[in-house]
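Counting along the sequence shown from 1, when you hit position 23 you're at 23 in the working numbering, and nothing is skipped either side.
What the hints contain is simulated information worked out from the structure, not anything from laboratory work.
Remember, predicted model here, so these are calculated numbers, not experimental data.
There's no promise every hint is true.
What the hints assert, rightly or not - Taking lysine-lysine pairs in the BS3-like style, the calculated list, with each CA pair at most 27 Å apart, reads: (1) 509 to 216; (2) 536 to 496; (3) 15 to 496; (4) 496 to 528; (5) 496 to 509.
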Amino acid sequence: MSIVGTRVVRVEDDKLITTGGTYIDDLREDALTGAVHATFVRSPIAHATVTSIDTSEAEAAPGVVAVYTAADLDLAPGKAGPVAQPWLADGVVRYVGEPVAVILAEHRYQLADAAELVDVDYEPLDAVADVDTAATDEVVLHPDLGTNVVQTHGGEFAEDTFADCEVVVTRTIDNQRVAPAPLEARGAACAWGDDGRVTLWLSTQNAHLARSAVAKGLGLDAARVRIVTPDVGGGFGAKIGADPEAVVLAWAARRSGRPVRWSETRYENLTAMTHGRAQRNTVTIGGRRDGTVLAFRLEVVQDAGAYPRTLYLPTLTEMMAPGVYRFPRVEAGSRAVVTNTTPIGAYRGAGRPEATAAVERAIDLFAAEIGVDPAEVRRKNLIPADAFPYTTPTGATYDTGDYAAALDKVLDAAGYAELREEQARRRAAGDPVALGLGMSAYVEITGGDGRGDSGRVVIHRDGSVTAYTGVSPHGQGIHTTFAMLLSDRLGVPMEKITVRHGDTDEVPKGVGTMGSRSLQFGGTAVRKAADAVIEKAREWAADELEAAPDDLELDTATGAWRVRGAASAGGVSWAELAARAGDGELSADVWADEVSPTFPFGAHLAVVEVDTLTGKVTLRRIVAVDDAGPVLNPVTFTGQRHGGLAQGAAQALLEVMHYDADGNPTTATFADYSFPTAAELPDFELVEMVTPTDRNPLGVKGIGESATIGSTPAVHNAVVDALAHLGVTHVDMPTTPLRVWEALQEATTRVRKAD
Numbered sequence: 001m002s003i004v005g006t007r008v009v010r011v012e013d014d015k016l017i018t019t020g021g022t023y024i025d026d027l028r029e030d031a032l033t034g035a036v037h038a039t040f041v042r043s044p045i046a047h048a049t050v051t052s053i054d055t056s057e058a059e060a061a062p063g064v065v066a067v068y069t070a071a072d073l074d075l076a077p078g079k080a081g082p083v084a085q086p087w088l089a090d091g092v093v094r095y096v097g098e099p100v101a102v103i104l105a106e107h108r109y110q111l112a113d114a115a116e117l118v119d120v121d122y123e124p125l126d127a128v129a130d131v132d133t134a135a136t137d138e139v140v141l142h143p144d145l146g147t148n149v150v151q152t153h154g155g156e157f158a159e160d161t162f163a164d165c166e167v168v169v170t171r172t173i174d175n176q177r178v179a180p181a182p183l184e185a186r187g188a189a190c191a192w193g194d195d196g197r198v199t200l201w202l203s204t205q206n207a208h209l210a211r212s213a214v215a216k217g218l219g220l221d222a223a224r225v226r227i228v229t230p231d232v233g234g235g236f237g238a239k240i241g242a243d244p245e246a247v248v249l250a251w252a253a254r255r256s257g258r259p260v261r262w263s264e265t266r267y268e269n270l271t272a273m274t275h276g277r278a279q280r281n282t283v284t285i286g287g288r289r290d291g292t293v294l295a296f297r298l299e300v301v302q303d304a305g306a307y308p309r310t311l312y313l314p315t316l317t318e319m320m321a322p323g324v325y326r327f328p329r330v331e332a333g334s335r336a337v338v339t340n341t342t343p344i345g346a347y348r349g350a351g352r353p354e355a356t357a358a359v360e361r362a363i364d365l366f367a368a369e370i371g372v373d374p375a376e377v378r379r380k381n382l383i384p385a386d387a388f389p390y391t392t393p394t395g396a397t398y399d400t401g402d403y404a405a406a407l408d409k410v411l412d413a414a415g416y417a418e419l420r421e422e423q424a425r426r427r428a429a430g431d432p433v434a435l436g437l438g439m440s441a442y443v444e445i446t447g448g449d450g451r452g453d454s455g456r457v458v459i460h461r462d463g464s465v466t467a468y469t470g471v472s473p474h475g476q477g478i479h480t481t482f483a484m485l486l487s488d489r490l491g492v493p494m495e496k497i498t499v500r501h502g503d504t505d506e507v508p509k510g511v512g513t514m515g516s517r518s519l520q521f522g523g524t525a526v527r528k529a530a531d532a533v534i535e536k537a538r539e540w541a542a543d544e545l546e547a548a549p550d551d552l553e554l555d556t557a558t559g560a561w562r563v564r565g566a567a568s569a570g571g572v573s574w575a576e577l578a579a580r581a582g583d584g585e586l587s588a589d590v591w592a593d594e595v596s597p598t599f600p601f602g603a604h605l606a607v608v609e610v611d612t613l614t615g616k617v618t619l620r621r622i623v624a625v626d627d628a629g630p631v632l633n634p635v636t637f638t639g640q641r642h643g644g645l646a647q648g649a650a651q652a653l654l655e656v657m658h659y660d661a662d663g664n665p666t667t668a669t670f671a672d673y674s675f676p677t678a679a680e681l682p683d684f685e686l687v688e689m690v691t692p693t694d695r696n697p698l699g700v701k702g703i704g705e706s707a708t709i710g711s712t713p714a715v716h717n718a719v720v721d722a723l724a725h726l727g728v729t730h731v732d733m734p735t736t737p738l739r740v741w742e743a744l745q746e747a748t749t750r751v752r753k754a755d
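Could you build all of it, start to finish, from the sequences and the hints given here?
Given below as structure tokens:
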């Protein structure tokens with residue numbers, strides 16, 4: 001029996017829940033002996049001219065080793081999209097939290113006092129904290145550009161797109177800015193060797209991308225930079241690569257001649273780490289009164305923050321605009337606008353959740369307008385199962401899918417008809433606790449970068465196995481999954497398999513973990529390396545057993561090579577074959593780049609209760625299908641689905657990173673930036689469905705943020721559905737008690753005026 005597909009407890013977890021992980025703060029490397037500690041002086045103002053910086057008092061403070069500003073740096077400017085972001089603010093600050101200076105001190109406790117002594121003279125400038133104000137260009141953040149609109153893509157709309165539609169609905173939807181808020185904030189430690197190489201321990205999702213960024217920033221050949229990734233306490237897209245702070249720290253270690261350590265505070269993390277989402281989407285949907293959608297248009301305005309780092313986000317939203325639907329006509333376009341806020345980066349889906357939220361809300365609006373059940377409107381317009389591979393009007397080619405089956409599975413599992421009956425009874429009885437049902441059918445692209453990844457498999461003299469991978473886990477359970485793959489392929493017990501990653505000296509080539517690519521690319525590479533080892537071993541085993549290579553088989557139950565049909569004659573073990581190698585190991589090193597992006601899909605249904613007297617929202621149920629192809633380990637698969645569902649519900653109900661009109665963040669601590677704990681969430685009801693892909697040898701599609709993509713609009717639509725009978729047709733995310741209460745008050749006022 002194959003171990004693949006069975007429930008295997010994650011091998012990572014024993015350490016993480018007993019002795020604990022080794023995070024940046026836990027490092028006790030010899031190279032870091034005598035390290036100084038660093039902190040950044042950050043701007044408290046969203047937009048200002050820096051007229052002077054006096055560091056003299058800070059430099060004289062107890063324990064302070066050095067204070068550096070932009071005037072000290074001899075680095076080429078960093079590049080972030082169409083404008084260069086300075087490593088430290090140089091003349092102008094453009095968001096609260098932008099680094100202005102870096103301080104090195106002997107002890108961490110000395111840093112806060114020293115930072116207070118850095119005297120920065122700011123001359124405030126007008127700030128633009130929202131995209132509407134920024135788009136007017138009355139205040140231009142980057143004068144050299146002459147405009148705040150830093151990217152325009154698509155948007156060539158036909159005049160007659162909706163000409164034959166009986167019903168047309170338009171609505172603007174805010175997909176609010178959120179903070180990634182990993183439990184481990186950003187951190188780094190760095191030391192220079194006598195050979196002129198720098199080693200940077202970094203909390204990152206991909207060591208190799210970080211190596212490229214740091215080497216470029218320092219003006220070094222990549223061979224002179226080593227990145228080591230210890231345990232990483234969450235990334236969610238915001239730890240892709242290396243932020244400017246990492247380059248400054250490496251430079252400071254070289255200038256000071258001392259190793260440097262840095263861990264940011266939670267306030268820094270919430271204000272200075274990249275944020276996610278921050279899109280304003282205008283949807284227009286039109287069709288017939290029988291529920292047939294004929295045309296869909298999506299207009300995206302992306303808030304890029306002060307320095308545009310990831311302008312591919314709105315283009316991904318455009319590409320995924322039609323979602324799971326076979327709309328005859330689809331139009332999409334986007335603009336990206338800079339504002340005096342923290343830069344926007346990748347976060348849990350990076351552009352795809354925004355597309356799903358937009359089209360799923362549009363479907364609900366269309367269904368409400370024509371008076372047809374939203375489930376029926378979805379079913380009528382889904383791409384049929386016999387249409388795959390299917391190329392959408394926006395250029396994505398979906399590999400495999402059965403979207404109608406996913407929707408039906410969720411509705412049946414939830415008891416949808418009975419729920420609608422209960423909802424009708426409550427409304428007829430005037431129950432102040434309204435029942436809301438929301439649904440979402442989704443598709444997303446995973447492994448969209450298409451760059452492949454590395455895999456190396458080594459069998460040692462004692463029969464143990466070490467796998468080296470270019471992907472870099474931060475909670476996904478990759479150690480367990482890859483060990484399962486190798487155990488199944490090689491017949492070696494999992495306890496004898498070690499998975500190594502995250503050190504660019506050990507693994508010279510790789511891409512990393514983001515975009516749900518790890519199993520598709522990294523898993524394929526490891527399996528390919530294992531197959532290469534098997535073919536090499538076949539020749540050696542043939543010599544040992546004095547048989548033809550084609551007559552041999554690997555008995556994966558025992559991990560021994562035998563002559564086919566002659567089991568009683570004995571065999572040869574992996575340890576014996578490894579001993580034949582001159583260095584005592586049998587190995588293969590591969591790069592797998594023949595893998596293509598895939599399109600996992602699913603459907604979710606959320607059940608909420610809304611107390612119409614107080615605005616309190618209670619999430620009662622989430623029923624979910626998430627089809628990511630064959631499941632290698634149900635334990636890790638379930639865990640990732642739970643995490644995605646929790647985050648999707650959190651965005652719909654709680655999370656928002658808010659700025660006032662002057663660009664001051666008003667949700668910059670966990671006291672006011674809220675997300676749920678397990679106590680606020682229901683037991684998730686997971687429905688299974690498996691549709692393999694032919695785009696990689698494993699047949700897998702990746703899961704990652706897929707559950708997030710489905711659950712966010714489902715929960716939001718459920719809240720809106722609960723309030724619909726009261727005349728509340730739209731509440732922006734997040735649907736917090738305050739926003740729900742305000743919407744209820746608006747509806748009440750509207751009814752009173754009508755009377």
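Hints, one by one, checked against the model:
Between residue 509 and residue 216 the CA atoms are separated by roughly 17 Å; this keeps the pair inside 27 Å, and the hint holds. About 20 Å separates the Cα atoms of residue 536 and residue 496, which keeps this hinted pair within 27 Å; it holds. The hinted pair formed by residue 15 and residue 496 meets the criterion: a straight-line CA distance of about 17 Å does not exceed 27 Å. Only pairs whose Cα atoms come within 27 Å are accepted, and residue 496 paired with residue 528 is accepted, the gap being roughly 19 Å.
For the given pair, residue 496 sits about 25 Å from residue 509 by alpha-carbon distance, which is consistent with the 27 Å threshold.
Consistency note: the structure conflicts with none of the earlier hints.
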